[in-house]
Amino acid sequence: MFNLTLTPEQLEMRDTLRDFAQREMKAAAIHPDRLQPFEKPVMTNLLKSATQLGIRTLALSEDAGGAGADNLTTCIVLEELASGEVDVATILGTTAALGRTLFDTLMTAEQKARHVKAFVDDDNYHLAFAGTTMEAGIGWTYHRDAYDEDLVIPTAVKQGNDWVINGRIEAVSNAPLAKLFAVQVRTSAGSKGMNGLSTFLIPHDTAGFKVQNTISAFGGPDNTLTRWHHGTAAAIELKDCKVSAANLLGKEGACPFADGKLLARNQVAMAAVSLGVGRASYDAAVDYAKMRRQGGRNIMEHQAIGTKIADCTIKLELSRNMVWKAAWALDHPEAVADRSLSELPLHVIARVASAEAVHEVTLLAAECFGAMGVMRDMPLQKYVNDGFIFAHSEDTDGAAKLQIAESVAGYQRKLAA
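Residue numbers (my numbering): 1 to 417.
Hints listed in this document are in silico derivations from the structure and should not be mistaken for laboratory results.
In this text, all values refer to a predicted model and were calculated from it rather than measured experimentally.
Please note that the accuracy of each hint is not assured.
Stated by the list, open to error - Cut-off 30 Å, straight-line C-alpha distance, at most; resulting in silico cross-link-like pairs (DSSO-like, lysine-lysine):
{"hint": "1", "residue 1": "K179", "residue 2": "K40"}
{"hint": "2", "residue 1": "K261", "residue 2": "K251"}
{"hint": "3", "residue 1": "K325", "residue 2": "K382"}
Sequences are here, hints too, so could you generate the full structure?
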């Protein structure tokens, strides 16, 4: 049975992270000096402090040295963390989700022996996935089995017991910080779609492997390109990069992420992160509405402001319920198997619904401040920008909604031939 009663451990984690976010993160994240420039580099000091609380290894099994937290607990923690600083929560959420998938599910015993201890012991050890998954490759090909044939994927050629990889992948999340990459390459010449893709574990210091410059707020030859992601990202380039066959993740030519589990975990985690941003803007609006006086009373007592605050409250509460339900469903797949829950992609619904709700909440919260809501030294302009990014990311756009429509129609995609 879906139960919203949190365990004592979950409550303790939530309260600990809420206190940490309010006491150590928020003041630094929204300091007027940081809010003025468009470029806001990752606050590495806050990232390390949050890492030392165990967030990076939160979802890793206890046997591997982590906390063994389920998806619901991870969502609770990431929402609190994001209410303090969204980029820190995004980086740690990405590493936590990928760590669970790699170390607890996909790696061989020999691969674990080489990597897991270093990951657990090093607070600065982050992970990155450079590739695509079956669901992520759908794009706008509604009710078709075709995948984006223009997708650029590095190619690999076998030489003895090694693979030599050449190619480039753009905008890899966590790339500037990651020490271990799971990189998808095409090992079968002429294959299309998800067929013929292999995934290799590549340490960041491997010869021929290079992480390019971190993507800036504005980029391109004329500074017209705008960064539309949270956290940190960069392109990776592989030039005659030699990787041992022992670094192959899963089977050659078979994508180990094709079942969509990593994508589902990551989407639910990012939905929780977006809730954190929505709540931060909401809290700021509530505090201001209780303090600001106009017409002889606090503006919270004015109907126009009270209605906006109520709308924000409704949107956040409904979104949190959807995110928690989707996380619970991932932790209890038997609930889908016995038809207690529908077979709809709840992780996609939660991601889209939370992004749309948070976008609306940040705008309503800014309106409570009047003209001050757009000033660059006020946090609301940052929250509004964060909300726009969530609303227009590639896993919350119209193509993401088509996955829901296909599920309603009962359409099952096949791997490209």
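Do the hints match the structure? See the list:
Straight-line distance between C-alpha atoms of K179 and K40 comes to about 23 Å, which keeps the hinted pair within the 30 Å bound. Pair hint K261 plus K251 holds up; C-alpha atoms about 17 Å apart against a cutoff of 30 Å. At most 30 Å may separate the alpha-carbon atoms for a hinted pair to count; K325 and K382 meet this at roughly 29 Å.
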